[in-house]
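Visitor: The primary structure of each chain is shown beneath.
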Amino acid sequence: QQQVKQSPQSLIVQKGGISIINCAYENTAFDYFPWYQQFPGKGPALLIAIRPDVSEKKEGRFTISFNKSAKQFSLHIMDSQPGDSATYFCAASPQGGSEKLVFGKGTKLTVNP
Amino acid sequence: DARVTQTPRHKVTEMGQEVTMRCQPILGHNTVFWYRQTMMQGLELLAYFRNRAPLDDSGMPKDRFSAEMPDATLATLKIQPSEPRDSAVYFCASANSALPLHFGNGTRLTVT
Numbered sequence: 001q002q003q004v005k006q007s008p009q010s011l012i013v014q015k016g017g018i019s020i021i022n023c024a025y026e027n028t029a030f031d032y033f034p035w036y037q038q039f040p041g042k043g044p045a046l047l048i049a050i051r052p053d054v055s056e057k058k059e060g061r062f063t064i065s066f067n068k069s070a071k072q073f074s075l076h077i078m079d080s081q082p083g084d085s086a087t088y089f090c091a092a093s094p095q096g097g098s099e100k101l102v103f104g105k106g107t108k109l110t111v112n113p
Numbered sequence: 001d002a003r004v005t006q007t008p009r010h011k012v013t014e015m016g017q018e019v020t021m022r023c024q025p026i027l028g029h030n031t032v033f034w035y036r037q038t039m040m041q042g043l044e045l046l047a048y049f050r051n052r053a054p055l056d057d058s059g060m061p062k063d064r065f066s067a068e069m070p071d072a073t074l075a076t077l078k079i080q081p082s083e084p085r086d087s088a089v090y091f092c093a094s095a096n097s098a099l100p101l102h103f104g105n106g107t108r109l110t111v112t
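First to last, the protein sequences are chains D and P.
Taking the numbering used here, the leading residue of the first sequence gets 1, the next gets one more, and so forth.
Taking the numbering used here, the leading residue of the second sequence gets 1, the next gets one more, and so forth.
Please keep in mind that the hints were generated in silico from the structure rather than gathered at the bench.
A hint or two may mislead.
Derived pair list, reagent style DSBU-like, types lysine-lysine, alpha-carbon separation capped at 35 Å [said to hold, decoys possible]:
| # | chain 1 | residue 1 | chain 2 | residue 2 |
| --- | --- | --- | --- | --- |
| 1 | D | 42 | D | 15 |
| 2 | D | 71 | D | 108 |
| 3 | D | 68 | D | 100 |
| 4 | D | 58 | P | 62 |
| 5 | P | 11 | D | 42 |
| 6 | D | 58 | D | 71 |
| 7 | P | 11 | D | 71 |
| 8 | D | 68 | D | 5 |
| 9 | P | 11 | D | 100 |
| 10 | D | 57 | P | 78 |
| 11 | P | 78 | D | 68 |
| 12 | D | 100 | D | 5 |
| 13 | D | 57 | P | 11 |
| 14 | D | 57 | P | 62 |
| 15 | D | 68 | P | 11 |
| 16 | D | 42 | P | 78 |
| 17 | D | 58 | P | 78 |
| 18 | D | 57 | D | 42 |
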């Protein structure tokens with residue numbers, strides 16, 4: 001059973017465009033929602049995270065939007081750059097931290113110059 | 001810049017052989033995780049430790065996989081005997097009281 005569903009599987013965006021990746025979950029006990037970025041040959045690295053007490057969190061060009069009632073959250077990358085080309089994973093945890101972190105299947109983002 | 005160190009980076013072995021992967025967590029981190037990444041299943045949690053004690057290994061095939069922390073600076077994941085279906089990238093991650101996770105660069109295992 002996939003607890004966090006991520007879409008799309010792959011995404012191609014032009015430089016300067018907006019990249020949007022969506023995730024949905026079912027477990028209402030989830031209360032920590034991080035996004036990880038992974039480059040080829042590297043491990044995932046924490047990009048940005050949100051807790052359900054806020055509906056949006058912004059860090060630079062990266063924004064998480066969170067809809068608790070719909071059990072959905074999304075990552076928006078503004079002014080996408082070729083250097084943003086990577087695989088992005090959403091995740092969720094029921095214990096407010098990284099224990100029992102459940103990952104989505106990932107989205108491969110390609111930003112064309 | 002503190003980082004999680006995993007060795008080896010690549011391992012090719014024949015079916016039936018024993019494989020040992022090692023991880024040096026970030027100094028001061030008390031929680032260590034082992035994940036497996038495949039195209040089909042994505043990132044799966046295999047096991048994790050806190051203060052060297054195993055807390056959960058329910059994601060790990062018990063008959064052939066074992067995970068240990070001989071000391072605070074070393075975590076090991078062992079597969080014996082290895083099978084082709086074990087081919088994957090194995091990641092170690094560490095954290096200070098579970099927030100946030102810092103991943104190593106993984107061990108790419110190929111079992112022929």
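Visitor: Holds or violated: are the alpha carbons of residue 57 (chain D) and residue 62 (chain P) at most 35 Å from each other?
Guide: With Cα atoms ~40 Å apart, residue 57 (chain D) and residue 62 (chain P) exceed 35 Å; violated.
Visitor: Is the Cα-Cα distance between residue 57 (chain D) and residue 42 (chain D) 35 Å or less?
Guide: 26 Å, holds
Visitor: Just to be careful, I want the Cα atoms of residue 57 (chain D) and residue 78 (chain P) compared with a cutoff of 35 Å; is the pair within it?
Guide: 40 Å, violated
Visitor: Regarding the pair residue 78 (chain P) and residue 68 (chain D), is the alpha-carbon distance no greater than 35 Å?
Guide: Not OK: residue 78 (chain P) and residue 68 (chain D) at ~40 Å, beyond 35 Å, violated.
Visitor: Between residue 58 (chain D) and residue 62 (chain P), is the straight-line Cα distance small enough, at 35 Å or below?
Guide: Status violated; Cα separation ~42 Å.
Visitor: Verify the proposed pairing of residue 42 (chain D) with residue 78 (chain P), using a straight-line Cα cut of 35 Å.
Guide: 21 Å, holds
Visitor: For the pair supplied as a hint, residue 68 (chain D) and residue 100 (chain D), is the alpha-carbon distance within the 35 Å limit?
Guide: Holds - the C-alpha atoms of residue 100 (chain D) and residue 68 (chain D) are around 20 Å apart, at most 35 Å.
Visitor: Would the pair residue 11 (chain P) and residue 71 (chain D) pass a check requiring their Cα atoms to be no farther apart than 35 Å?
Guide: 40 Å, violated
Visitor: Can the restraint linking residue 57 (chain D) and residue 11 (chain P) be considered satisfied, given a maximum Cα separation of 35 Å?
Guide: 40 Å, violated
Visitor: Hinted pair, alpha-carbon criterion (35 Å max): residue 11 (chain P), residue 100 (chain D). Please report holds or violated.
Guide: Status holds; Cα separation ~28 Å.
Visitor: Between residue 58 (chain D) and residue 71 (chain D), is the straight-line Cα distance small enough, at 35 Å or below?
Guide: 19 Å, holds
Visitor: Taken at face value, is the distance from the CA of residue 5 (chain D) to the CA of residue 68 (chain D) at most 35 Å?
Guide: Status holds; Cα separation ~15 Å.
Hint compliance for this structure: hints 4, 7, 10, 11, 13, 14, 15, 17 are not met, and every other hint is.
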